[in-house]
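**Student:** Dock chain W against chain D, hints included.
Number of protein chains: 2
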Amino acid sequence: MGLERKAKVAEVALRCAVCALAALAAALVGTGSQTRTFFSLEKKARFTDMKALVLLVAAHGAAAVYSLLQLARCAAAAAWKGGSNGGAAVVAWSVFSCDQAVAYALMAATAAALQSSVVGKRGQPELQWMPVCGLYGAFCRRVGEGLAAAVAAGLAAVLLAAVSAFNLFRLYGGGGGRKSSAGAVSGNGANTW
Amino acid sequence: MGLERKAKVAEVALRCAVCALAALAAALVGTGSQTRTFFSLEKKARFTDMKALVLLVAAHGAAAVYSLLQLARCAAAAAWKGGSNGGAAVVAWSVFSCDQAVAYALMAATAAALQSSVVGKRGQPELQWMPVCGLYGAFCRRVGEGLAAAVAAGLAAVLLAAVSAFNLFRLYGGGGGRKSSAGAVSGNGANTW
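Going line by line, the protein sequences match chains D and W.
Position 129 (the first sequence) corresponds to 129 in UniProt numbering; numbering is contiguous.
Position 116 (the second sequence) corresponds to 116 in UniProt numbering; numbering is contiguous.
With the rest of the complex left out, here is chain D (with noise of 0.2 Å):
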């Protein structure tokens, strides 16, 4: 299998696993509520009492859906195989572009997402900010859950834009031969792999 087919191979695994596990945490802390009485006072946890929640929300959402779109353009290109090929630069640049973004956007969101949780499970006491997870047991939980998949989506996005920067800036290989520092490899490199 040549190294052109295996990057192929993984960037597909690799969409499917950035849609499946973003859909999944923006699901999984989406959905998640808990109602509680106190002294007949009704309160409800949902996700949008903390921001960050509602930032992880929206941005695995629209990195699921923009893996989905990704996804039929793969298909798309294994379908029109023999189609012309004169816009490979402008699409493996804003499919590198688009990809690095996600990568970025979703480790940000998830990591706002798990400041904010600690704090809420262990609060903050030099800021007299209280943790909420002793009352909410069963929505912490959930949303605990929703942040391991959101977790594992990053990763799978970070992996993803490494293979989409891959797919694009080998298209500059070629002149690597003309200076001394990257001869060493570009002879052999593309087919040794």
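Don't read these hints as lab results, they were simulated from the structure.
Treat the hints loosely; a few may be bogus.
Only pairs whose alpha carbons sit at most 25 Å apart, straight line, appear in this in silico SDA-like list of lysine to any residue [what the hints assert, rightly or not]:
| no. | chain 1 | residue 1 | chain 2 | residue 2 |
| --- | --- | --- | --- | --- |
| 1 | W | Lys44 | W | Glu145 |
| 2 | W | Lys43 | D | Gly137 |
| 3 | W | Lys6 | D | Lys44 |
| 4 | D | Lys8 | W | Val90 |
| 5 | D | Lys44 | W | Pro125 |
| 6 | W | Lys121 | D | Lys8 |
| 7 | W | Lys121 | D | Ala58 |
| 8 | D | Lys121 | D | Gly137 |
| 9 | D | Lys121 | W | Met130 |
Small disclaimer: the values here were computed from a predicted structure and weren't measured.
**Tutor:** Then chain W, alone, in the frame of chain D:
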């Protein structure tokens, strides 16, 4: 100026930017403090009161040191230009991995700190977390300046990660002409840039 030389110049410039901005962010956040007296009770606000700011200072401090080391490597590579290049792939792979890790770490730490700071500034009334910036205005402004530098350092690190991906993956080009999809660019891309 050739493509490879442009990439080298961009790499050195971006490493300098990451080093300076990350050091600035860590210094601004790390050295800020404000003492206030409430009814004969003295309270001091420091970055250690907020876990996310500790993470920010640690991540950006480490990134600044790492960038310095990488600049030293660039200088050494420029000095011994005629040396052996059998390890080019190993070096490019490890530089690529480290640069990616730094970019994601800076983005994640900055996102977490931003999230914490927004809660510190506006509070989270749903959870009875009160804003603290009304009490420690000068400290909050200092942290805000640090966060601006942190965001700039993160963006420079993201660009740097892309340049180092370019430096690595172009080594695997050259085989691009075998398949139709890459042929459109690999022939002239390296020369027209």
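**Student:** With reference to the structure, classify each hint as holding or not holding.
**Tutor:** Verification of the hints:
Distance restraint check for Lys44 (chain W) and Glu145 (chain W): the Cα-Cα separation of roughly 19 Å lies within the 25 Å cut-off, and the hinted pair is therefore satisfied. Distance check on the hinted pair: Lys43 (chain W) and Gly137 (chain D) sit about 33 Å apart at the alpha-carbon level, beyond 25 Å; violated. For the hint pairing Lys6 (chain W) with Lys44 (chain D), the CA-to-CA distance comes to about 57 Å; that exceeds 25 Å, so the pair is violated. Restraint check: the Cα-Cα separation between Lys8 (chain D) and Val90 (chain W) comes to about 24 Å, which is no more than 25 Å; the hinted pair holds.
A distance of roughly 14 Å separates the Cα atoms of Lys44 (chain D) and Pro125 (chain W); the hinted pair therefore holds under the 25 Å criterion. Restraint check for Lys121 (chain W) and Lys8 (chain D): the C-alpha separation of about 46 Å exceeds 25 Å, so the hint is violated. For the given pair, Lys121 (chain W) sits about 23 Å from Ala58 (chain D) by alpha-carbon distance, which is consistent with the 25 Å threshold. For the suggested pair Lys121 (chain D) and Gly137 (chain D), the alpha carbons sit about 10 Å apart, so the restraint of at most 25 Å is met.
For the hint linking Lys121 (chain D) to Met130 (chain W), the alpha-carbon distance of about 17 Å falls within 25 Å, and the restraint holds.
Checked against the numbered hints listed earlier, the structure breaks hints 2, 3, 6; every other hint is satisfied.
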